[in-house]
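Colleague: Listed below, chain by chain, are the residues.
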Amino acid sequence: MAGSIRIKKGKDIKLIGSSEQHLRAYSSPDVVALKPTDFVGLTPKMLLKEGAEVKAGTPVFREKKNDKILFSSPVSGEVTEIVRGAKRKILEIRILADKENRYEDYGTADPKSLSKEQVTEKMLKAGVWPLLRQRPFSTIADPFGAPRDIYISGFDSAPLAPELDFLIKGEEKEFQAGINALGRLTKGKVHLATSSQHKGHLVYSGVQGVEKTEVSGPHPAGNVSVQIHHTKPLNKGETIWYTYPQEVIIIGRLFLHGKYDARRRVAVNGSMIDKPDYQDVIGGSSLKNIVKGKIKEGRSRLISGNVLTGTQVQEDGFLGFYDSQLCAIPEGDHHKFLLTEGWLSPGLNRFSMSRSYPSWLMPGKKYDLDTNLNGEIRSFVMSGQLEKVFPFDIYPMQLIKAVMANDIDKMESMGIYEVDAEDFALCEVACTSKIDIQKVIREGMENLRMELA
Amino acid sequence: MKFLENLVIKKIRPNFTEGGKFENFYSAYDALETFMFTPDRTTRTGSHIRDAIDLKRTMMMVIVAMIPCLLFGMWNVGHFHHLSNGMPSEFWPNMLYGMIKVLPVVVVSYASGLGVEFILAVKNKHAVQEGFLVSGMLIPLIMPANIPLWMVALATIFAVLIGKEVFGGTGMNIVNVALTARAFIFFAYPTKISGDIWVTEPGIVDGYSGATALGDLALTVGKAQNLPEVTGIMSTFADGGAYSLSNSIMGIIPGSIGETSVIAILIGAAFLLWTGIGSWRIMASMFVGGFTMAWIFNMADANAFMSLPALHQLMVGGFMFGMVFMATDPVTASQTNTGKLIYGFGCGFFGIMIRVFNPAYPEGIMLGILFMNIMAPLIDHYVVAANINRRAKRLKLQTA
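Here the protein sequences come in this chain order: A and B. Per the numbering used here, the first sequence runs over residues 763 to 1215. Per the numbering used here, the second sequence runs over residues 32 to 431.
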């Protein structure tokens, strides 16, 4: 059974520097890091000390409140350093990697023959459970919870996003095994959203055991919230689990091959990358070798993830746990004179979702956007801007104001449970008043989660 | 522009930042620096890229949209000045006279408004915000040409201080700032804003009494429609008369500086709609609302004012100007799309109602818009409540 939904609101931001379909060979990393900061609401508790030997799949730390949720090392080697920040908060756990990975053996199994508890147990022990997240709040899925459905967004609509067929080709069996495992975890359906607008969607044509939804429309059509909202909206009190194609493959590898194989294909692109392409890496890999010699001259910002929701990283940093993209764009920390580049300029090269610059007359144009704020933070002035890129039956500006006022009743009744900070990314881009909308929403949701806990 | 950047940022700025001689005046310096240069601030959290639009660009677009009204207004002031003094009306002398009369009003409006904003910004140590860029141009356009300059200054200071700053500055005001200025003069100095003040040095030539279309129409209220003075006034609205439909649309009638020419206003409206800055919902619904009320009056036909054909009713006075530039102010209008339709309708409906019913307020549009400004949050509240109820109903169905 396949449904279809059409997203009318949103915007595809066209940037230069998208990846060529060229794959660089896998090279094993020197160092890998697990970053507890990648996980919402996680308080880590170390299971090993510095100097401990690990194999790929050995648990390194666990969630403090739930000792069943384990996080495993993606490589074999030695835990070299635990980097801490203020108040001894663990920022990174660095693992020096062997040239060849040795894996913990968790045994193969056919997920279809297992019960929900057995699948859950296996995933928890191997440390692949964190690949599953839940809504609301985008925390790691609660293994004792009962999700209404499981959603997989099979395509990425963000700017410069990697193309599907390059990510999944060759691993269809693992993908199916992952789907089978997920199917055991819920009494509801496993939804898979595909989009014929993105190349390679045919890679899903053989998948069984899913409820397929064909999605058309601009970004954020690839966001899970949008897909949930337009198929079966989330009510207060319900939970949905969600994940993404490469994560499903990693889960599938556990059942098919009995090991935690954290390899993923990452798109390395952006206007500041020389010859953007794809590379196979281990999740959490250090970035030094991936971007060596590929970043162009000039001040640039390296982002793990996409330009809308990703985290800034340094060249000596590490790939985020959930990220399949590494993007480098120019750092815009220079003043823009009003007549040449600023607010009185003719602006043929300035990207805007409004029609206040003549660039809107060239719809196919690709832009080289930098990180300049392009203005200063002001209070809300314009109305109707955010609604144009927010494909939900929710009033974005009024919801943001309710979050700013920390009015919990209002937030709940206006639908905060149906969205996540990433859904406001386009709103944040479009906002004339340059308000840090994602930060506001993220902090508001954290407050709400703490209140409810 | 490297040399400019070096001059301003490297040489002048240190005087105003921490430790500099004038560090208390940082806000004032910052306003001028950010006017010349978009700052070098980069995104810190959330999205790494941002749209190129900012509030300054938005305000600039609105000012550009007002330029046709400003230019025509200057010509119009000169035109009626020359006619009322028996002098020939020619283009360049009209423009020159108009500029001499109008530009001081603009300068005073900006100077007093920005002065208040700068002083408060320096005192409270926050940035000067861009809201006044538009209000400063709107205020002169809704003033009569020979308003005393000190009155403009007083009204502007009142409007910025009490109408905006007290509530928290740009984006926080409840009522439209420019209309607050006009309302201030209307209630404090009523003889200076309506009545016999429309033409500078009125009346040495017959036929130019100095009243406006609406002023004359107001005189017809309460009198039977067949009285000679009433029919005399109404005849000026017929084709060929001084306030004919075509003259009203062209704008060659006496009135406040910017509000007479419907054509100039529509050029501005087209620009605002094309750039997406003006809300078409507010403009369209206000037109419909005003037309509806005027049509109802046509049907009622209780006096000559009501008998003025609906379209003509909308073309005289400040209706079109209010529709395009005042009601569409995004801060004071309704902020939901559905709300804007209701809000605009109310502005037009009540504006015409006040205008026709009460001869003491020939400019009912100003009051109609101010009234709807107060009502706008209520309208939004109910629109959002409908959304909330829809969600609650879905929840109830689910858990039932």
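Any given hint could turn out to be false.
[Stated by the list, open to error] The calculated PhoX-like cross-link candidates involving lysine-lysine, where the alpha carbons are at most 25 Å apart (straight line), are:
| hint | chain 1 | residue 1 | chain 2 | residue 2 |
| --- | --- | --- | --- | --- |
| 1 | B | Lys132 | B | Lys33 |
| 2 | A | Lys1172 | B | Lys424 |
| 3 | A | Lys994 | B | Lys427 |
| 4 | A | Lys878 | A | Lys949 |
| 5 | A | Lys1163 | B | Lys223 |
| 6 | A | Lys773 | B | Lys87 |
| 7 | B | Lys87 | A | Lys1150 |
| 8 | A | Lys1163 | A | Lys1128 |
| 9 | A | Lys951 | B | Lys33 |
| 10 | A | Lys951 | B | Lys132 |
| 11 | B | Lys33 | A | Lys998 |
| 12 | A | Lys1058 | B | Lys132 |
| 13 | A | Lys1172 | B | Lys427 |
| 14 | A | Lys773 | A | Lys830 |
| 15 | A | Lys994 | B | Lys424 |
| 16 | B | Lys132 | A | Lys949 |
| 17 | B | Lys132 | A | Lys1163 |
| 18 | A | Lys998 | B | Lys424 |
| 19 | A | Lys949 | A | Lys974 |
[Claimed, not checked] Some chain A residues close to chain B (C-beta under 7 Å, calculated; not the full set):
| hint | residue |
| --- | --- |
| 20 | Leu804 |
| 21 | Thr805 |
| 22 | Pro806 |
| 23 | Ser1107 |
| 24 | Asn1134 |
| 25 | Arg1140 |
Calculated directly from the structure, the hints in this document are not laboratory data. Yeah, the Cβ is synthetic: ideal placement off N, Cα and C, and Gly gets one too.
Colleague: Check whether the Cα positions of Lys1172 (chain A) and Lys427 (chain B) lie no farther apart than 25 Å.
Modeller: Cα-Cα ~17 Å, so holds.
Colleague: Regarding the pair Lys773 (chain A) and Lys87 (chain B), is the alpha-carbon distance no greater than 25 Å?
Modeller: holds (23 Å)
Colleague: Tell me if the straight-line CA distance from Lys998 (chain A) to Lys424 (chain B) falls inside 25 Å.
Modeller: holds (12 Å)
Colleague: Can the hint on Pro806 (chain A) be confirmed by a CB-to-CB distance to chain B that is less than 7 Å?
Modeller: At about 22 Å, which exceeds the 7 Å cut-off, the nearest Cβ of chain B leaves the hint on Pro806 (chain A) violated.
Colleague: Holds or violated: Lys132 (chain B) and Lys33 (chain B), Cα atoms, limit 25 Å.
Modeller: Between Lys132 (chain B) and Lys33 (chain B) the Cα gap is close to 40 Å, so the pair fails against 25 Å, i.e. violated.
Colleague: Just to be careful: measuring from the Cβ of Thr805 (chain A) to every Cβ in chain B, is the smallest value less than 7 Å?
Modeller: violated (22 Å)
Colleague: Tell me if Ser1107 (chain A) is really an interface residue toward chain B, meaning its C-beta lies closer than 7 Å to one of theirs.
Modeller: It is violated, given that the least Cβ distance between Ser1107 (chain A) and chain B is near 9 Å, above 7 Å.
Colleague: Is Lys951 (chain A) close enough to Lys132 (chain B), meaning Cα to Cα at most 25 Å?
Modeller: violated (74 Å)
Colleague: Are Lys87 (chain B) and Lys1150 (chain A) close enough, with their CA atoms no more than 25 Å apart?
Modeller: Distance ~21 Å between Lys87 (chain B) and Lys1150 (chain A) Cα, so the pair holds.
Colleague: Decide if the proposed pair is consistent with the structure: Lys994 (chain A) and Lys427 (chain B), CA atoms, cutoff 25 Å inclusive.
Modeller: holds (15 Å)
Colleague: Taking 25 Å as the top limit, are the C-alpha atoms of Lys1058 (chain A) and Lys132 (chain B) close enough?
Modeller: Status violated; Cα separation ~58 Å.
Colleague: Given Asn1134 (chain A) as an interface hint, is its Cβ closer than 7 Å to any Cβ of chain B?
Modeller: Holds, because the Cβ-Cβ distance from Asn1134 (chain A) to chain B comes to roughly 6 Å (cut-off 7 Å).
In this structure, the earlier hints numbered 1, 5, 8, 9, 10, 11, 12, 14, 16, 17, 20, 21, 22, 23 are contradicted, and the remaining ones agree with it.
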